[in-house]
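Peer 1: Residue numbers (our numbering), protein chains in the order written: chain F, 1 to 485; chain H, 1 to 452; chain G, 1 to 128.
Everything labelled a hint here was simulated from the structure, so no lab data went into it.
Errors might be hidden in some of the hints.
Below, computed lysine to aspartate or glutamate pairings styled on EDC-like, alpha-carbon distance capped at 16 Å [said to hold, decoys possible]:
#1 H:Lys-345 x F:Asp-36
#2 H:Lys-345 x F:Asp-6
#3 H:Lys-299 x F:Glu-201
#4 H:Lys-18 x F:Asp-6
#5 H:Lys-282 x G:Glu-42
#6 H:Lys-349 x F:Glu-35
#7 H:Lys-153 x H:Glu-126
#8 H:Lys-39 x F:Asp-226
#9 F:Lys-2 x H:Asp-303
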Amino acid sequence: MKTIFDKSVNNRRGYFSPSSDVGLTAEVPQQFKREDDCQWPELSELDVVRHFTQLSQLNFSIDTNFYPLGSCTMKYNPKFTEVAARMTGFSQLHPLLPQLKQGETLTQGALEVLYEMERLMAEMTGLDHFTMQPLAGAHGELTGVMMMAAYHKARGNKKKYVIVPDSSHGTNPATVSIAGYEIISIPSNEDGVMDIELLKEKVTDEVAGLMITSPNTHGLFNSQIDKISEIIHSVDGIMYYDGANLNAVLGRCRPGDVGFDVMHINTHKTFTTPHGGGGPGAGPVGVTKKLEPFLPISRIIKADDGSYRLSYDHPKSIGYIAPFYGNFSLLLRAYAYILLLGEEGLRAVSNHAVLNANYIKEQLKSVYDLPFDRLCMHECVFSAKNQAERNVHAIDIAKFLIDQKIHPPTVYFPLTVKESIMIEPTETESKQMIDVFIEAMKEADQLSKTQPEKFAEFPQTTPVSRPDEVKAARELNTNYFSKKS
Amino acid sequence: MLIPYIANTDHDVEEMLKVIGVNSIDDLFVDIQPHQVPKSFNLPKGLSEYDCLKRIEQLALKNSTALIPFIGGGYYDHYIPAAVSSIISRGEFYTAYTPYQPECSQGTLQALYEYQSAICTLTGMEVSNASLYDGGTAIYEAVMMAMRINKRKKIVMDGGLNPIYRKMLRSYTHNLSIDFQELPVAHGQSDRAHIKNVLDDKTSAIILQNPNFFGAIDDHSDIIAEAKKHGVLVIESVYPISLGLLKTPGEMGADIVTGEGQSLGLPLNFGGPYLGFMATRKQLVRKMPGRIIGKTTDKKGRDCFVNTLQAREQHIRREKATSNICTNVSLCALQSLVYMSLIGKQGFKELAQTNLNKAEFTRLELEKIEGVNVKRSAPTFNEFTVELPMDASLVVEAMIADGFAAGFPLGQYYQGMERYMIIAVTEKRSKKEILDYAQSLKSVLEKLSSSV
Amino acid sequence: MDVEADFLYTKEHEWINIDGNEATIGISEYAQSALGDITFIELPSADDEFDQFEQFASIESVKAASDIFLPMAGKILEVNTELEETPGLINKSCYEKGWMVKIQIAEMEESSNLLTAEEYTNYLRSVE
Chain F
1 MKTIFDKSVN NRRGYFSPSS DVGLTAEVPQ QFKREDDCQW PELSELDVVR HFTQLSQLNF
61 SIDTNFYPLG SCTMKYNPKF TEVAARMTGF SQLHPLLPQL KQGETLTQGA LEVLYEMERL
121 MAEMTGLDHF TMQPLAGAHG ELTGVMMMAA YHKARGNKKK YVIVPDSSHG TNPATVSIAG
181 YEIISIPSNE DGVMDIELLK EKVTDEVAGL MITSPNTHGL FNSQIDKISE IIHSVDGIMY
241 YDGANLNAVL GRCRPGDVGF DVMHINTHKT FTTPHGGGGP GAGPVGVTKK LEPFLPISRI
301 IKADDGSYRL SYDHPKSIGY IAPFYGNFSL LLRAYAYILL LGEEGLRAVS NHAVLNANYI
361 KEQLKSVYDL PFDRLCMHEC VFSAKNQAER NVHAIDIAKF LIDQKIHPPT VYFPLTVKES
421 IMIEPTETES KQMIDVFIEA MKEADQLSKT QPEKFAEFPQ TTPVSRPDEV KAARELNTNY
481 FSKKS
Chain H
1 MLIPYIANTD HDVEEMLKVI GVNSIDDLFV DIQPHQVPKS FNLPKGLSEY DCLKRIEQLA
61 LKNSTALIPF IGGGYYDHYI PAAVSSIISR GEFYTAYTPY QPECSQGTLQ ALYEYQSAIC
121 TLTGMEVSNA SLYDGGTAIY EAVMMAMRIN KRKKIVMDGG LNPIYRKMLR SYTHNLSIDF
181 QELPVAHGQS DRAHIKNVLD DKTSAIILQN PNFFGAIDDH SDIIAEAKKH GVLVIESVYP
241 ISLGLLKTPG EMGADIVTGE GQSLGLPLNF GGPYLGFMAT RKQLVRKMPG RIIGKTTDKK
301 GRDCFVNTLQ AREQHIRREK ATSNICTNVS LCALQSLVYM SLIGKQGFKE LAQTNLNKAE
361 FTRLELEKIE GVNVKRSAPT FNEFTVELPM DASLVVEAMI ADGFAAGFPL GQYYQGMERY
421 MIIAVTEKRS KKEILDYAQS LKSVLEKLSS SV
Chain G
1 MDVEADFLYT KEHEWINIDG NEATIGISEY AQSALGDITF IELPSADDEF DQFEQFASIE
61 SVKAASDIFL PMAGKILEVN TELEETPGLI NKSCYEKGWM VKIQIAEMEE SSNLLTAEEY
121 TNYLRSVE
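Just chain F, same shape as in the assembly (with noise of 0.2 Å):
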């Protein structure tokens, strides 16, 4: 399609702001303006809506189609929460009013919201103390990092390594060395968890602490999960809860009661705020006693009078680390997620995730390689290996589901599993879904032993085929004026 830039047609105009009633016309001199005039788009109103309607329909999505992205939790975000999100009262409060003299006074809804949502994940989770500052789950996780550098600091510990599983998430490695850590990664064992063993031999004075997701990225519970908390409690250090995975034992399992110190929360994954195609996220985080000194400012706190405050005074604390309060509007739309479901609501969420995703599991192993045949959590993990032995590899599986008119489950993650296919269907899919996607993975199998060769040709029905992706690295273009120059 072309580029909203090559639709402009010179003096079109899409929009009017209000006048300038005010009588004069006020100058900025010569040497502080700008020479070559801003090339935004010249478009009506019209153009512009049917420009983005159009680019629109070209995107597989919730509403359009199953999604069944492991780690990802692609489940419906309910549109009643759109609705909350939107409400004036909130959507047009500017965040420095409650920082003005009396202001707390003009946002006591805003900050109510907050102060609940923060003991409701309490709740959740058996964590003591929540912040809902973090703008993003991987925000979080270096927000929790910094906490756990911070506690050490405080104790006077020398602290160098933080342990990783070799399961894990990329973003774990990655915050672990931008907070000043270095990795030490521990391979699963064969039933997929973390090898105990192989911790206690790792574990020093030295390790600052222990990132580990539960389930893991396996899709599996490790049910030492207290042993390892006290190994690493044994050396003062700090068990960290990546809750990418929280949405299957909901209910179940709280990280607070089985050893963990901190944790994040991932609010577009468990409490279905939408993805909006790479964000924005919230990513709030919690902590035990312990850490709560070292939170980040401001703090909510509830007066005597029940009304809500903030709260600046904690000299421990790792500072400011998002301009105010965290992404309100996505906090609102998980309060009201969480308020609608209610304690039966939340149980049934990890229940039906669950169930749906070992009913997959049982339905593909006798066609896709099943690494570790055991009860599964919210998510399996396949490998296609005997497809790619007939050169169709997890890929080449992606592609073809896409002319199914079925997203792709995540291929090629987690890494410690060759041709992995990760499959993470959600509870709010429906049997009869889940059965038509069981349906179109046999026969991609199918088609791998009869015609192997028609993969190179998927997918055949998206507005595209597969982009050269070596071309756009080599020539790069990433902005639309710079190709003439």
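Starting from the known structure of chain F, arrange chains H and G on it as the hints suggest.
Peer 2: Same frame as chain F, but now just chains H and G:
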């Protein structure tokens, strides 16, 4: 199960359990040991959609959005055309994932390419990433990028940099050994002599802001030229709406440009989500953090778009990645792109001019009030500093009763500036609102000084 | 997998071809094939000096990024500037046109830390 977002019926559940070979859903959770179950899970009972929205509405009513805002501080009350929210409400955009499968994500990918291009022409730079969390984290990422490029450890922050960003930068870099030099705060333009003094061959980058936090407009070309002599990179944080008129960082010669994109069509939303933008010179693109979308062709030679230079990102480089960020703020980037597309080339100039006119009118009206000292040491755009004859926070507090969010008092961030405040005037403020505002300020000052 | 007989190798898959006090350096067939289509290379400047096994360059392909280490300590005499425009040369001809740098060798004894072609071939078998 009375939850509208779970589809399986009891019958479905039964059939699925049979296939799995277990008797109940509880049997699926046997890996969780009896002693590992929750010690408590006391959450409220669920609500119907109607009751839930009613509860949220009640909370919304406890917030005061009726105040007429003259408050900015980097976050502004601009009008957002209706088409913006209509487009980003399309499920095909907001319920899509990160575009890892390009064939079924061309909508998001092309939009992000267009966004990058719109940011480049806005800032006068050559390459932009597909967005970062917000203007503050963008500065932190820019600092890390600069240190990767020239492997130096000293960072100079100009006194005009938004104090919110400064505080964030301090927190993030606490565990890294960085030599920070904060230049003294002044409400005028950057202090050339002082900057010249501190820039040296050990300096990695200097961070400038235009217009600065106090509203002063500057042309940093000379500072940038000076920085280049020492191999110092220049990070320029900008307020996008001002670039409808003002000299771009590209024209000044900046190396890395960042900014808060909230004013490009994003509601204030009590602090987020916002939009961090970042652009740089082509030469430095491989050191830039964040996702980047490139144009290429498919197998049949058709134009298409794809995530490119992914080797810099965390999912490939893991601990060696340029940043731990694994996503951008796609939907906010799209939101700003729709806004920029509606405003258009001519509309942008007019919008910026209207902001300037209304702010200037306000300055002239306020200068008529006894005791109000409007700072004129530098030209300004749509925000400016005034000095009052008393603590500004008391004045702002008193003006709430008249229906105004009158400005942001500076005492909270700067010791000794208790009598100062910054006032922002966007295109939304009418002449009448401005005159009423001036009247309110005048009477509040009179009342407060007589009671002292 | 093609291994050039007269060269020495590292376990990180760099090769070095020693000629008197000078040497030419690149990456092996195994490395280029594992990386896939190479899209970018960052090379050092002439006169830069590196220790043995110190990182001197980095390579990017579409799906991977890799640091390249100098097999023996030395001073850079020449870099293959053609690679900056056409990094795909490494894929096409990793032992000839795809060479990366020429160096002045600092410590000749360091060659004993490297693998011969035969040892490297055996090593490749063991990692596969």
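Peer 1: Could you tell me which of the hints above the structure violates, numbers in ascending order?
Peer 2: 3, 4, 7
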